[in-house]
Amino acid sequence: MAAKHRGKRGFLERTTASFVDALEHAFYAEQTARAEGLMQRLDPRVKLVGILALIVPAAASRSFAVIAGLFAVAVVLAALSHVSFAVLLKRVWIAVLLFTGVIALPAPFVTPGSVVYHLPWTGWRVTAQGLASAGYLVLRVETAATLCVLLVLTTPWNHVLKALRVLRVPAVMVTILGMTYRYLFLVLQSAHDMFESRRSRMIGNLTGRERRRVAASSAGVLMSKTFDLSNDVYLAMQSRGYRGEVALLDDFRIGRLDWAMLAGFTLVSIAAFWWGL
Amino acid sequence: MHIPDGYLSPVTCAALYGGAAPFWYVALRKTRKLLFTRLVPLISVFAAFSFVIMMFNIPIPGGTTAHPLGVGIASIVLGPWASILALSTALFIQAFFFGDGGVTALGANCFNMAIVGSLIAWVIYRLVAGRSSITSSRRVVAAALGGYLAINGAALCAAIELGLQPHFFKSATGAPLYAPYPLSIAIPAIMIGHLTFAGLAELVVTGGVVAYLQRANPVLLRFTAPGVPMPHDEAQPAAMTGWRAARPLWTAVGLLMVLAPLGLLAAGKAWGEWSVRDFSNPGVRQQIARTSRNVAPPAAAPRGLERLSNVWTAPFPDYSPSFVRSAAFGYILSAMFGIGSIILLSVLAGWIARKVRPGPARAPAHTEEG
Chain A
1 MAAKHRGKRG FLERTTASFV DALEHAFYAE QTARAEGLMQ RLDPRVKLVG
51 ILALIVPAAA SRSFAVIAGL FAVAVVLAAL SHVSFAVLLK RVWIAVLLFT
101 GVIALPAPFV TPGSVVYHLP WTGWRVTAQG LASAGYLVLR VETAATLCVL
151 LVLTTPWNHV LKALRVLRVP AVMVTILGMT YRYLFLVLQS AHDMFESRRS
201 RMIGNLTGRE RRRVAASSAG VLMSKTFDLS NDVYLAMQSR GYRGEVALLD
251 DFRIGRLDWA MLAGFTLVSI AAFWWGL
Chain B
1001 MHIPDGYLSP VTCAALYGGA APFWYVALRK TRKLLFTRLV PLISVFAAFS
1051 FVIMMFNIPI PGGTTAHPLG VGIASIVLGP WASILALSTA LFIQAFFFGD
1101 GGVTALGANC FNMAIVGSLI AWVIYRLVAG RSSITSSRRV VAAALGGYLA
1151 INGAALCAAI ELGLQPHFFK SATGAPLYAP YPLSIAIPAI MIGHLTFAGL
1201 AELVVTGGVV AYLQRANPVL LRFTAPGVPM PHDEAQPAAM TGWRAARPLW
1251 TAVGLLMVLA PLGLLAAGKA WGEWSVRDFS NPGVRQQIAR TSRNVAPPAA
1301 APRGLERLSN VWTAPFPDYS PSFVRSAAFG YILSAMFGIG SIILLSVLAG
1351 WIARKVRPGP ARAPAHTEEG
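Protein sequence lines, in the order shown, are assigned to chains A and B.
The first sequence begins at 1 in the numbering used here and counts up by one.
The second sequence begins at 1001 in the numbering used here and counts up by one.
This is chain B alone, in the form it adopts within the complex (with noise of 0.2 Å):
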């Protein structure tokens, strides 16, 4: 799922370099609040491991072997925005160091597997774990369920974005310039891999690291269980994941990027906001005088309006349907979109799973001993 430099246009790259950077801004900074002096120890050393666990050869059912990702049991342990830096380091690392995934492409694998990955993981574990105490076989089953369903998710957004290359970029006479396959093929192709092999492996090493760890080193468990008792209960620590802090923030922004793409499609102008050409066109002049208590706009633009629009044009001249209909721009808005909606959805289930679990998230250490 590493996608390598030349199947993704400069355009997608910058797009999900864009979607990215505002994850390691906010991932950079709780982590940095939380941990602090810690830091850079934890994330460097766990970097590593994740680096060294993306090389192991995981033996599923069927006789064959497949590489996991190691995103599921990351995210379980240090929390998604940490498991976000960690993984984001070692593709890092992989892409510049090992040629493993694309220097460009970098920002959509790290988008992908780092971002998406980690979120889903986490969220899925929280759903399914519920308060069910640190060693019951449940939380098995959900870190799992979180890793199967987070390679999966990744490879899902691998796919859409190798799919809409060649919707997008052909040459002049048709040829893709890109990942030459379209949609149709493309999340096929890919999917079937990772429902299978590739799931798998993740299935078994999320699940399987998470039993072991329940019998050898449960203490590692309990960043993402936060008001769940241990077995041989010490303090508390907080819970490495702020995310309650910043949700009003988070809801509003992925409200703002849903919703931007569809101001700009709504038919209709703003009040005042007309141009020269608006002036002549009779369709916006009804308009005009619809939304002016039918006062008719005059017959020619002002000349002042006139004399000004030639001092400056906007790279996006007008809100123009034709820029929309431009085969990139329209990918950004959707890129746009597909962004927002991940992080409405990542709200509500986290909202979600604390109405379905109510808890002190961030309780103090000395309520949670009796």
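Just chain A, same shape as in the assembly (with noise of 0.2 Å):
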């Protein structure tokens, strides 16, 4: 939500930009859910649950050795499941360092504590404890956008949403779940026809005026037939028999080597909550 300066590219160049990167992040994510890898054979079950008992000690931990040792088992696992490290590196690593980097820029300036160096020049004051907190901060964030980025990458999102029903879950939201995710690309291909046929019949610049109005618009546009589509949507699911009931079939099935790694997850979960409250 952060509002950017316009650089060369409009607001109709950059909105496209923002879907194909969107649906690259989808396609990637596919590819990778079915690659041969440790995290990839496992029950979607318990790789959801492992994952959240390891991003909550992250999220929990005083200690910077321990948030870091999570931070290595989740680079191991993503080497063990084939995921890309170049795309780690470009989609969590540095997209973090980016934002929640710049964000932690201040912290060893304005937070009070012991003063361990004057800055030259300005005489800006660095505190430990600002150096420490700037540290927890970009190590949890992430620590924790690698874990989960770690399950997305390497479960297909329909057995993501399926395991969720170990969480309680109520099933009718499972089933809405798939379906935006479903309609998702559906929309977002709409979305994108619209500016690429807007942009293609544009010869000059728009006023600030026009842009807004033009992006008003499309959002308009798009909002009606989003109505549309979930007119049809309910038609063709009332034509096949759907009566407000929801069933999901449960076909996942647990095998030795997901109990290993469940116990894992947990010893490992154990542990860093031991280490580091």
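Just so you know, the hints here were simulated from the structure itself, not pulled from any lab data.
Here the structure is a predicted model, which is why all the values come from computation and not from measurement.
Every residue, glycine too, gets a C-beta built ideally from N, C-alpha and C.
It is possible that part of the hints are untrue.
Which residues of chain B face chain A? A few of them, derived with a C-beta cut under 10 Å, are [stated by the list, open to error]:
1. L1039
2. S1044
3. S1132
Need the complex rebuilt from these two chains, each delivered in its own frame; the hints are there to steer you.
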């Protein structure tokens, strides 16, 4: 939601670029989810619970070593699951550093505490507490984001959703989430087409007022299309016998590897809590 | 405003999941009752729309662009409950699938953006739009204002949550463990961006979409304008917001939540709820005597009480002031207090809205025709 300065690209180009980015991410996720790796072989429920069991101590720990250890676990799991480090670097590590790193940047200067360094010229004081707090923030965010990405990159989205039933998420919400994901790409596609066709018909620059009108009207058109789509989907569901009840097929099976990894996740989680709190 | 993992302490995250849960529950029940078989297709497709709208770059005056949240328009078209569900669904997919916003912070993000945002947008829109016709420009102003205040309300909640972290969660050396900036920095830092850029983007989108729908598809605006005749009227559907039915419940819940911390902080002891230690405390002894028609309590604690008091120790032993002073618990209390106040304010605003503009909120279709 951060405001960005308008560079060379106009809002139409920027918006289409973010659509393409989302599609790319989804495409890559589906690709790696099909790869033959350690995480891919696990039962989605084990993965979901296991990853959450690592994220929570990463968020709760007061020890740098423990958070760094959890980060290392995530990196090892990624390596064993054929998740490319280049993608992790670009999508997670650098992205987090650019966002959270910038947010954490003033912390060493504004946090009260014992002064460890005076910045030359400006005379700003750097405190140990401030440095530690910036470190906590960046390390925590990197670790949690890596773990979360790991889950998504090694699990087909529909399996992630079905696994949510373990956490007692209502079946109707699981269905809604699944359908949302399905129609997300349809809506993305039609938004993308709208912006592309608009762009192809433009020969000059729009004034600010016109740009806002185009943006709001596009959103309005998209909303009308959305409603038509939901009606069509509804009729299609009804004609196939949908009467408002949702049933999910539970076809997951827990094997020996799953039990072993579940034990592993639990042990790491308990150890992280033990040493981290 | 999507808070990532690691910015909020697990205690805060848990409290905000807890704060969001009743709203999710009520929203699911209400929309299910109203939409029945339509619930799944409508909410899913609309959540997909909300997701996509968050990727729009909205040009704002001054030559920059910003992303809108889309909560204003969702709440105006769907009503607050369905909007809460659609936005939460979109936020869930953003958090899990696209890593936008944290998994542990999902409750906080849903609370701020989906719940607080939807309720503010809806209340402001209904209040300002009044009984104006579907195509009146007053509705555009109402929508724009609703969107602007909704995103700023959500941002303020996020700023408070982030700003509270360094006050309560520090390491042994005093280094903040989570978001490092106190309220005095967090609130202005976040609000300046939202009062200007992000707020304007939301204002443009909400007002602009309502203006567009008035021209192109006014039917979509009638859900949250019950009793207002359409340009080419067909049968009016019942309002999608069954707020009225649950109002007494919400008032009670809100009051309870606001009063609960007061009860815990109140001085003195409830009669008969004395503990072993109270019998040896001269101050409490005096209090017991005063409330027992001046009959002095026995010098020592009754032996049965003493024995039983060792059998089970509550997680919060006694209503001792020390745990109220404990940062984490005090914070949960204030969170509860805050949620309670929000509920009460929403109920109050809804009540005022009806007083200002008396009209049948759920009138049967045939009375609307003439």
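Structure-based check of all given hints:
1. Taken as an interface hint, L1039/B checks out: its beta carbon lies about 7 Å from the nearest beta carbon of chain A, inside 10 Å.
2. Annotation: interface hint on S1044/B holds; nearest CB of chain A at approximately 4 Å, less than 10 Å.
3. Given the 10 Å rule on beta carbons, the hint for S1132/B is violated: about 19 Å separates it from the nearest Cβ of chain A.
Hint 3 from the list above is the single one not met by this structure.
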